[in-house]
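Given the sequences, and given the hints that come with them, work out the whole structure.
Protein sequence lines correspond, in order, to chains A and B.
Numbering-wise (the working numbering), the first sequence opens with residue 11 and increments by one.
Numbering-wise (the working numbering), the second sequence opens with residue 60 and increments by one.
Honestly, the hints are just simulated from the structure, not real lab data.
Values in this document were obtained by computation on a predicted structure and should not be read as measured data.
Here are the in silico distance ranges between beta carbons for each label pair: (1) A:Glu-69 <-> B:Leu-342: 43 to 49 Å; (2) A:Phe-415 <-> B:Ala-510: 50 to 56 Å; (3) B:Gly-320 <-> A:Asp-337: 54 to 60 Å; (4) B:Val-264 <-> A:Leu-219: 30 to 36 Å; (5) B:Ala-514 <-> A:Trp-40: 32 to 38 Å; (6) A:Arg-511 <-> B:Trp-459: 29 to 35 Å; (7) B:Arg-417 <-> A:Pro-34: 17 to 23 Å.
A few chain B residues that face chain A, going by a derived Cβ cut-off under 10 Å, partial list only: (8) Gln-380; (9) Arg-477; (10) Asp-527.
The beta-carbon is built from N, C-alpha and C at its ideal position, and this holds for glycine as well.
So the chains spell out like this:
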Amino acid sequence: MLSVVTFLPLLVCAALLFLPRPLPDRVYLWTWIATAAADLALVVVVWAGFDTGGGMQYEQRVRWIPSAGVGYHVGVDGLSLPLVALTCLLFLAVAVYSLRESRRVRSYVCLFLFLQTVSTGLFVALDLILFFVFFDLSIVGMFFVIAGWGHGERARAAALKFFLYTFVGSLALLLGFIGLYLAADPHTFDITDLTRTNPLAGSGLYAGLVLLAIGVGLAVKTPTVPFHTWLPPAHTDAPAAGSAILAGVLLKMGTYGIVRIAMPLLPGSWRRYALAIVVVGVVSVVYGALVALAQTDVKRMIAYTSVNHMGYIVLAVGASGTLAGTDAQARSLAVTGAVTQMVSHGLITGALFLLTGVLYDRGGTNAMDAYSGLADRIPRFAAVTTVAAFAGFGIPGFSGFIAEFQIFTGSLASRPAATAVAVTGILITAALFLTALRRMLLGAPRLPGTIPTGGVADLHRHEALPTVALLALALVIGILPRWLLDVIEPASSTLTGLVAR
Amino acid sequence: MNEDLTALIPELALLGAAVIGLLAGSWLPRRRQWVIAVLAAAACAAGLVATAVTEATTRERTVFSHAFAVDTATFVGRLVVLAVLLLVIGMSVESVRSHRRESEYWVLLLMTGAGTLALIGANDLLMLFAAYLLASIPAYALAGFAKDAPGTEAALKYYLMGALLGTVLLAGTALLYAAGHGTLYRDLKAALPAAPYGLVAVGLVAVLAGLLFKSGAVPAHFWVPDVTDGAPTPVAAYVTTLPKIGGLIAGYRLLHQALPGSDVNWPLLLAILAAATMTLGNLAAFFQTSVKRLLAYSTIGQVGYLLMALAVATRSDLAQQSLLFYLSAYAVTNLGAFAVVTQLPRARTLDDYRGLARRRPGLAAVLVVCLLGLVGTPPTGVFLGKLEIFSATIDGGYTWLAALAVANTVASLFYYLRWLAPLFTTDDVAPAATQAPQGRWAAATAYAAAALSVALGIAGQAVLTLADGPLVP
Chain A
11 MLSVVTFLPL LVCAALLFLP RPLPDRVYLW TWIATAAADL ALVVVVWAGF DTGGGMQYEQ
71 RVRWIPSAGV GYHVGVDGLS LPLVALTCLL FLAVAVYSLR ESRRVRSYVC LFLFLQTVST
131 GLFVALDLIL FFVFFDLSIV GMFFVIAGWG HGERARAAAL KFFLYTFVGS LALLLGFIGL
191 YLAADPHTFD ITDLTRTNPL AGSGLYAGLV LLAIGVGLAV KTPTVPFHTW LPPAHTDAPA
251 AGSAILAGVL LKMGTYGIVR IAMPLLPGSW RRYALAIVVV GVVSVVYGAL VALAQTDVKR
311 MIAYTSVNHM GYIVLAVGAS GTLAGTDAQA RSLAVTGAVT QMVSHGLITG ALFLLTGVLY
371 DRGGTNAMDA YSGLADRIPR FAAVTTVAAF AGFGIPGFSG FIAEFQIFTG SLASRPAATA
431 VAVTGILITA ALFLTALRRM LLGAPRLPGT IPTGGVADLH RHEALPTVAL LALALVIGIL
491 PRWLLDVIEP ASSTLTGLVA R
Chain B
60 MNEDLTALIP ELALLGAAVI GLLAGSWLPR RRQWVIAVLA AAACAAGLVA TAVTEATTRE
120 RTVFSHAFAV DTATFVGRLV VLAVLLLVIG MSVESVRSHR RESEYWVLLL MTGAGTLALI
180 GANDLLMLFA AYLLASIPAY ALAGFAKDAP GTEAALKYYL MGALLGTVLL AGTALLYAAG
240 HGTLYRDLKA ALPAAPYGLV AVGLVAVLAG LLFKSGAVPA HFWVPDVTDG APTPVAAYVT
300 TLPKIGGLIA GYRLLHQALP GSDVNWPLLL AILAAATMTL GNLAAFFQTS VKRLLAYSTI
360 GQVGYLLMAL AVATRSDLAQ QSLLFYLSAY AVTNLGAFAV VTQLPRARTL DDYRGLARRR
420 PGLAAVLVVC LLGLVGTPPT GVFLGKLEIF SATIDGGYTW LAALAVANTV ASLFYYLRWL
480 APLFTTDDVA PAATQAPQGR WAAATAYAAA ALSVALGIAG QAVLTLADGP LVP
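Written out as structure tokens, the structure is:
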């Protein structure tokens, strides 16, 4: 079942590529929407059949390259299922949003279908090499999206930087995986086997180095300070759809790797270096928020708030590795908050990036100074953007609040100072979102000179539908979170149990 | 004494086809010389079948007074060499069709192929030297096949380096003979631990010099860029692939079979050579603008990774299968890139590839697969090879070398992307004439090589199973 969910987009992609005759652009786009919708429907079926207390489910394990200890092993639990669902939903949103795309449509659709397979595959992978394969291919796919459909020559430079940076990270990750592989007896890359045997228990420095390699690899992808410098240019120069996927799905790969690999496979080192991880998280929170405050480009600003939001997750997972002065319930709460934050950030930031895409489409720039009084001219756009911005800084009623509340409550007992510092991040993001809203939406109407005299068009249906849907889901999670938390909580308490052993 | 010729069918098939080709080529009219190409391909195919049959039916053994080993490394080496020869033949078809010396081309290719096979099986220092000559001398002639100025320079440079280091190899053989009172690896293995340290060390370094020349590794790499740039493209594909397979498997066999007990610290020597080779190759490739020179330096970098397996030859059980797998994956991936260059003979610089993706999407796809494959992006074969070789290196205690290899891999990504990025530009596209295709065979070879490269990554277990077995003493 999971293999079908994973490889359905790739199959469609292959079919589109090898069609003897090119089809009209609309056919490609509608095929993409249909595929993404079918995939989402499959995930809903998986979710409906998911037993919340049942641990790893829908498992499938096939021998692949046994001499190298590599197997094809997939499955979902409460940590991965929400992210799989998020991936499929975001890709559907992006597909609908791209309905008017006219540049090299076939390649565009195929790339996104490929990326969907890669992203879904990563979240269901239960083998380190399978995980790595998808991790690396996501970089390749996104490189071509940024280089091919980004904003001009600058986009190619940004794409190159993105590729080089995240590739360094992925290779560090590979070294760490090899370290785990060689420590296990018999040698294996299987995540469930490695979780069970815990091969690096009690091997101090070696385990620390493996954690360092894996940690750096995931930190680049997440990204946390000081490995975040690839993110702003990549986001600024990527097309809106690419930005939404990059922020919504690809960044989650780093944090998901932490909860799936770094914590359960290296529990001893995770506990020992928990303080360092917490510090990295808090620095990301505050630094990301402060730098975002200073931005004049909307897209760059949202990119830096991603660093801030990912910082909360790192803080939570670091705090859940601290046993002193806390109990299992608090640590589990922090992990639940972290996973909820991954989903929430995907929904809200995905919507925000799609909205900046609308802005760029109308005005040809993302500079804040270029716009003023938009609420007057394009009220629907202004309304949706306002809602998204409020959701973005975690106002109660939206998913971000639920997530951040759990993170702070779970972390407070063990890391009070760090949590206190991190809370200031919320204040700063609130300030920066409100400032941006005031500068662009309110005031005397002013638009860039590039806009034709006919006036500026408000949100079209294909733009409104995906953004409103994403925000609506964030609202549902914010008001009625139990259906999501019921799935995540058992998995979090299992994870905290694994870390504490 | 075992003189069972059936053990040597692939080698004899290539040599026999070469002799027949030489004789027949003297009488065939120029437009019918393609018959020799068919003969060459048939010889390779026969060799492949024979290898598969002997692999399935017979055990590992040595023939001719143990001078030639037929074991796991030989089996895999033969399969790779013969498959690579078929690909090289495929991409050469249009380049030499109806050439004045077409039959000579095929004959030389067969001879040097046979020499490479002999290098792979050599289990004796004198056999190693004979194989070195058989593999090298036809290759010098091939490098100058076009008889133009760059080709002549390439051939001369190749020949001078080869002759010099061949002599050094022979001198090393003499020193090891003096130290170990024998040239068979099994005799050396027994005698060398008790032999004078200096004699063994100098002898080993001298023998390795010859093998490093074949592999194109530092410090014997100077010929690689000039020959790759000056020789016809299919020949460049050949010299950057086949001799490496021969040289590295021969080196592995020598180190693993003759020197496991010696107190000479050759693992460290090879680790340093590997580090120098990969770093130099990758750094030198950075700002190349000619695609052939870029590929030449990239192959030097790749040899650096391969030498890592030699450094841990006796220190990790993973060394042998990682070496053999990486060699096979590297060979097909490298040939795929060269096949694209063959197919676009007028596109010489990176700029000439601007906009290729729109004009020839198939070839651009092959380049993406092969160049990203050479970086080690999954799911291509080289990724699995790198995974294995890094594992072997860390397992053998050279974690610093693996870390350096990782840093080098990142560096290599930069210059491969310098080639890949122009493919997708839509503005300022190179004129159509520079991207004129050569013909169907070169394109087919490119597609086949790219498909093989991906297949090796996804179904790599098949080769890994073959590569996992003992060497015979």
